[in-house]
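Kindly generate the complete structure, drawing on both the sequences and the hints.
For the record, the sequence lines run as chains A and B.
For the first sequence, the working numbering gives the first residue as 1, with consecutive numbering after it.
For the second sequence, the working numbering gives the first residue as 1, with consecutive numbering after it.
FYI, nobody ran anything at the bench for these hints, they're computed from the structure.
Just so you know, not all the hints are guaranteed correct.
Unchecked claim - Derived pair list, reagent style SDA-like, types lysine to any residue, alpha-carbon separation capped at 20 Å: (1) Lys-98/A with Lys-281/B; (2) Lys-281/B with Asp-169/A; (3) Lys-477/B with Glu-651/B; (4) Lys-79/B with Gln-93/B; (5) Lys-84/B with Lys-172/B; (6) Lys-7/B with Val-104/A; (7) Lys-3/B with Val-104/A; (8) Lys-536/B with Glu-385/B; (9) Lys-39/B with Val-104/A; (10) Lys-281/B with Arg-53/A.
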Amino acid sequence: MDKKSDAKIKEVVTSSQIWKSIFRRKHDDTKRSRVLAIVGNFFMHLHPISVARHALALKFTWCMGGVTFLLFLFLTLGGVLLMFYYHPTTGEAYWDIKDLHYSVPFGKILRNTHRWGGHLMVITVMVHMFRVFMTGSYKRPREFNWAIGVILLVFTLLLSFTGYLLTWDQLGMWAITVGTNMARATPFIGHEGPFGEQLGMTAHNDVRFALLGGSVVGANALLRAYVWHCIAIPLIVTFLIGVHFWRVRKDGFSGSL
Amino acid sequence: MKKEEQKSYVLMYAICAAILIIVQAWAIWNEVVGKRPWKDYQRKFYSLLIDNINDDIEEEKKRFDGPDVQKEYQEVAQKLEKAKKEFKMSGNQNEFNKLEEAIRNIRSKELSPLQLQLSDIRNRVLEEEYLYTKDRTEERKVILDKLKEEASEALSIVEKVKARLAEMQERKIALTTQIEKYEEELKPFVAPINKLQERLTLLTRKRPSLQEYQIHIPALNEVDRCKSCHLGIDRDESISDKQPFKKHPGSYIFLKNHPLKDFGCTVCHEGQGGATTSVEKAHGEVEYWLHPMLRGSLAQASCIKCHERTDDLPGAEMVSMGQRLVVERGCVGCHDVEGFPTVKIGPPLTFVGEKVSYKWLKTWLKDPHETYEKARMPNFMLSDEEIENIADFFEGLSRGELETMIAADPDVDEEKYQRGMALYNSSRCVICHPREGRGGAVKYVYAPDHTKIASKISKDWLFRWIKNPQAYHPDTKMPHFRFTDKEAEELVTFMSAEFIDWDAVDEEEEEGEEVVKAVKRDSDPASAEKGRELVKNYGCYGCHEIKGFENESKIGVELTSFGSKSVELLDFGVVKDLERSWLSWTMAKLKDPRQFREGIRMPKFSFTDEDFDALVCLLKSFKERTVPVNYFVKATTVGYEPQGKFGKIVEDLNCLVCHRIKDKGANFAPDLTYEGSRVKREWLEDFLRAPDILRPLFQQMPRFNLSEEEIKIVADYITLVLVDDEVIAREDLGEITSDNVERGKKIYNEKGCQACHQIGIEGGAVGPNLSVAGDRLTPEYIYMHLKDPQKWGSSNVAPNYGLDDEELTYLTKYLSDLRAKKVGFLWKNTN
Chain A
1 MDKKSDAKIK
11 EVVTSSQIWK
21 SIFRRKHDDT
31 KRSRVLAIVG
41 NFFMHLHPIS
51 VARHALALKF
61 TWCMGGVTFL
71 LFLFLTLGGV
81 LLMFYYHPTT
91 GEAYWDIKDL
101 HYSVPFGKIL
111 RNTHRWGGHL
121 MVITVMVHMF
131 RVFMTGSYKR
141 PREFNWAIGV
151 ILLVFTLLLS
161 FTGYLLTWDQ
171 LGMWAITVGT
181 NMARATPFIG
191 HEGPFGEQLG
201 MTAHNDVRFA
211 LLGGSVVGAN
221 ALLRAYVWHC
231 IAIPLIVTFL
241 IGVHFWRVRK
251 DGFSGSL
Chain B
1 MKKEEQKSYV
11 LMYAICAAIL
21 IIVQAWAIWN
31 EVVGKRPWKD
41 YQRKFYSLLI
51 DNINDDIEEE
61 KKRFDGPDVQ
71 KEYQEVAQKL
81 EKAKKEFKMS
91 GNQNEFNKLE
101 EAIRNIRSKE
111 LSPLQLQLSD
121 IRNRVLEEEY
131 LYTKDRTEER
141 KVILDKLKEE
151 ASEALSIVEK
161 VKARLAEMQE
171 RKIALTTQIE
181 KYEEELKPFV
191 APINKLQERL
201 TLLTRKRPSL
211 QEYQIHIPAL
221 NEVDRCKSCH
231 LGIDRDESIS
241 DKQPFKKHPG
251 SYIFLKNHPL
261 KDFGCTVCHE
271 GQGGATTSVE
281 KAHGEVEYWL
291 HPMLRGSLAQ
301 ASCIKCHERT
311 DDLPGAEMVS
321 MGQRLVVERG
331 CVGCHDVEGF
341 PTVKIGPPLT
351 FVGEKVSYKW
361 LKTWLKDPHE
371 TYEKARMPNF
381 MLSDEEIENI
391 ADFFEGLSRG
401 ELETMIAADP
411 DVDEEKYQRG
421 MALYNSSRCV
431 ICHPREGRGG
441 AVKYVYAPDH
451 TKIASKISKD
461 WLFRWIKNPQ
471 AYHPDTKMPH
481 FRFTDKEAEE
491 LVTFMSAEFI
501 DWDAVDEEEE
511 EGEEVVKAVK
521 RDSDPASAEK
531 GRELVKNYGC
541 YGCHEIKGFE
551 NESKIGVELT
561 SFGSKSVELL
571 DFGVVKDLER
581 SWLSWTMAKL
591 KDPRQFREGI
601 RMPKFSFTDE
611 DFDALVCLLK
621 SFKERTVPVN
631 YFVKATTVGY
641 EPQGKFGKIV
651 EDLNCLVCHR
661 IKDKGANFAP
671 DLTYEGSRVK
681 REWLEDFLRA
691 PDILRPLFQQ
701 MPRFNLSEEE
711 IKIVADYITL
721 VLVDDEVIAR
731 EDLGEITSDN
741 VERGKKIYNE
751 KGCQACHQIG
761 IEGGAVGPNL
771 SVAGDRLTPE
781 YIYMHLKDPQ
791 KWGSSNVAPN
801 YGLDDEELTY
811 LTKYLSDLRA
821 KKVGFLWKNT
831 N
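Laid out in structure tokens, this is it:
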């Protein structure tokens with residue numbers, strides 16, 4: 001085969017609909033396409049295209065956003081592994097945790113890193129927000145991302161909260177009991193909250209009931225916590241993190257004070 | 001200062017990487033070694049196993065090297081040597097070799113080609129057969145027949161060759177019979193060693209596989225990994241007497257009836273079965289684990305989880321003793337426990353003032369156990385003032401201004417005294433009432449000692465009591481003897497003169513007091529009122545019927561789930577140096593209930609150490625049952641309750657205090673469940689009228705003076721209801737000839753029956769006296785009992801001699817012939 005036909009085949013392949021649907025750009029050996037390959041790739045370039053020198057400094061960012069993201073990835077991975085060993089039923093949940101400690105290979109470190117990692121993620125999110133607040137990075141034009149960040153904080157706390165029940169021990173059970181009892185007092189949608197009664201809220205149709213899948217912490221509450229913790233919240237958080245990073249790239253890093 | 005992008009973060013990276021590597025290394029170490037301590041135990045176990053086999057081999061070798069064994073061994077070995085030599089010398093060796101060669105030749109050169117040919121022909125036959133069944137043409141048939149012929153020919157040739165071979169083989173073997181015989185003889189000498197050595201190589205050839213053992217029982221929601229350390233628990237023999245290598249003790253009861261795979265360990269022993277990371281965790285002896293392991297016999301606390309009844313359950317002796325004690329010692333008087341009856345174990349006290357002397361009452365309250373060592377009443381540790389108050393309260397409650405005449409009176413009519421004594425003896429009071437510590441043999445009956453009784457109780461009361469005890473105390477265990485007034489009076493006379501507390505009399509005389517028989521006291525109402533408060537406070541009404549306290553509730557805490565109380569819920573109070581555990585608290589509480597703080601009302605019981613253990617074991621069992629229904633063991637018998645007129649008499653006489661009918665009652669006296677099949681009616685009626693001396697004195701049934709009508713009722717019931725349908729009436733046992741009797745007697749002597757049984761005055765006293773067996777027992781029963789002595793329960797010690805039917809018949813006839821009319825020297829009480 002000569003060079004000519006080689007080029008012809010290449011031409012045919014790269015101009016096909018399938019090829020184009022996957023690779024949006026030409027990957028010819030030019031500086032422009034090399035740059036585009038990097039900055040256009042989400043995984044390779046979370047940061048904005050151009051970053052001010054001061055914005056890279058560790059003493060400015062504390063890298064807390066990055067650490068939080070890393071923890072989120074780590075917890076997702078570990079969480080999936082834990083799901084192989086865990087049944088969200090009242091009869092088995094606690095003993096599955098015990099088995100992770102006593103019998104499953106590397107189970108103890110798997111479970112403990114997930115727990116500590118969860119606690120740590122709450123802390124790093126807080127520290128991250130503290131830094132953003134102190135450097136005034138929430139100000140115009142970054143108000144929207146701040147708002148996303150606040151929502152992400154809430155979901156991080158919810159992840160931690162739902163995960164707490166899954167061990168199905170006394171600590172978790174009473175924490176959820178107390179936590180959901182607070183939900184009773186939610187305005188409008190809690191049966192003990194302001195205007196709740198007027199809106200026809202009772203212990204059997206208010207927000208607490210929806211959270212627990214019943215009026216006491218029982219098998220339904222465990223299942224709900226499990227689904228929220230393992231599927232719903234991680235999906236929402238993943239989506240929001242995407243938006244968060246996209247905004248960071250669009251808005252750029254704020255300047256040093 | 002360097003620009004941001006020129007700064008190096010190598011150090012930070014290196015530190016992070018180092019931390020990560022260290023953590024990884026730790027995680028691997030932890031996984032392989034740290035959290036698997038059972039690996040060490042398993043290694044130790046296998047090395048112990050190898051040591052044991054080595055020891056066995058050593059021992060076996062020693063035995064083999066012993067002079068006697070060696071001598072025998074050498075003899076055979078020499079014979080073998082000789083046979084081998086002969087084999088060589090006589091040219092047999094050459095022939096043997098030749099034969100072997102020939103056989104090999106025939107096999108390879110003649111037989112195998114022939115066999116190949118044969119199988120080829122057979123295959124072709126099969127093919128042709130198939131084709132023939134398809135076509136059904138003549139040609140095919142011809143070919144098939146021809147082939148079949150060929151096949152049978154080939155077969156016959158093969159058979160011939162095989163026959164030749166077999167013959168040669170035989171000749172070959174014949175040459176070596178001697179050698180083989182001696183070789184066979186040598187085998188048993190070395191076989192045990194070889195066997196052990198084989199086991200040893202098997203064990204040492206490869207590394208023992210260390211693994212986590214797990215028993216998962218979904219029905220119990222239980223995962224037990226105990227065997228990971230206790231590797232020898234279900235072996236037949238212990239390889240070491242130390243835990244965790246020992247085998248389960250008493251496994252013929254426990255593991256045999258509760259196979260590990262169905263029950264696991266923690267269903268009985270509790271603890272944290274799933275834990276494998278440390279001994280403390282596995283045994284559940286860590287903080288917040290609610291069920292620490294039950295060691296040793298304390299595990300009996302778990303029997304109750306499944307077994308409805310434990311009183312006849314082998315291996316559950318401790319907990320069943322606890323169950324008995326809880327009712328019998330009056331725990332249920334103050335504490336509610338689900339499943340236990342509320343019984344007032346003490347006598348009614350409403351009229352106690354008419355019964356006992358004021359002085360005795362005070363001594364008793366001071367310390368019941370001191371006054372009578374079998375006393376069940378605990379010591380309430382009352383002050384002298386409190387005692388006086390309570391005594392005053394009881395005096396006021398019953399007697400008021402009445403006088404109580406204490407029975408003690410040495411000056412009585414001699415004739416009356418003698419008649420009373422005769423009655424006292426024939427009524428066998430001593431079976432239940434000890435006298436100077438002797439007698440009182442009936443288990444679990446707490447009758448007062450008679451030694452000083454006359455100084456305790458009043459004459460009037462004694463008379464009324466003897467006439468009908470149940471009128472005063474409906475739940476008493478004392479039978480209602482049918483005494484006439486005259487008899488009762490004679491008894492009272494005898495007892496007043498016989499059972500006087502002379503020490504007290506002497507004491508009073510020394511103190512210069514006059515011996516007062518009649519006491520009249522003016523009780524102080526204020527003191528009596530204080531007494532009432534005390535009675536209420538200490539909950540005396542829990543065990544005693546007392547007027548005015550009928551509607552009070554029990555004063556103690558409910559114990560239904562006491563066994564699952566965690567240590568945080570137990571009140572250690574001022575006691576500081578006690579181990580913080582359920583076990584030590586409970587034991588301390590039982591031993592000295594009031595040590596924890598002031599104001600505790602629980603009295604001090606006089607238990608033995610055994611009793612304490614049993615009670616702790618039972619208390620441990622008081623928890624919710626969580627086993628699935630198919631693990632329950634229901635009591636096999638339905639509660640029997642004697643009915644009708646018979647039932648009334650049984651209740652009146654308290655027959656079931658000694659006898660047992662269908663699992664109800666005690667086993668002090670014979671089981672009456674099948675009494676109707678056992679004894680003859682005439683004898684039964686005679687016996688009820690006037691019991692014969694059948695057994696040792698302390699077990700002899702007393703005379704109850706039943707009326708003729710009552711005797712008829714009892715005899716009717718026994719002969720009609722209390723029978724075993726399996727004992728069939730046999731007419732042929734009725735005809736007795738002297739020849740039969742002689743042959744039976746011979747068997748009796750041959751089998752050595754007289755070693756245990758007495759006939760006349762000869763023989764041993766282990767079994768019952770058989771002198772009048774023919775009067776007493778039905779022939780059918782004798783026959784059945786001789787055939788299968790254990791048929792009606794395990795209490796029979798008679799061995800089973802495995803007699804044949806003929807022997808049984810003769811022996812039965814001989815025994816049936818033993819009757820009072822013939823054995824003339826025996827007295828028969830016909831009243």
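Next item on the list: Would you pick out the hints that fail for this structure and give their numbers low to high?
Entry: When the structure is compared with the hints, numbers 6, 7 and 10 turn out to be violated.
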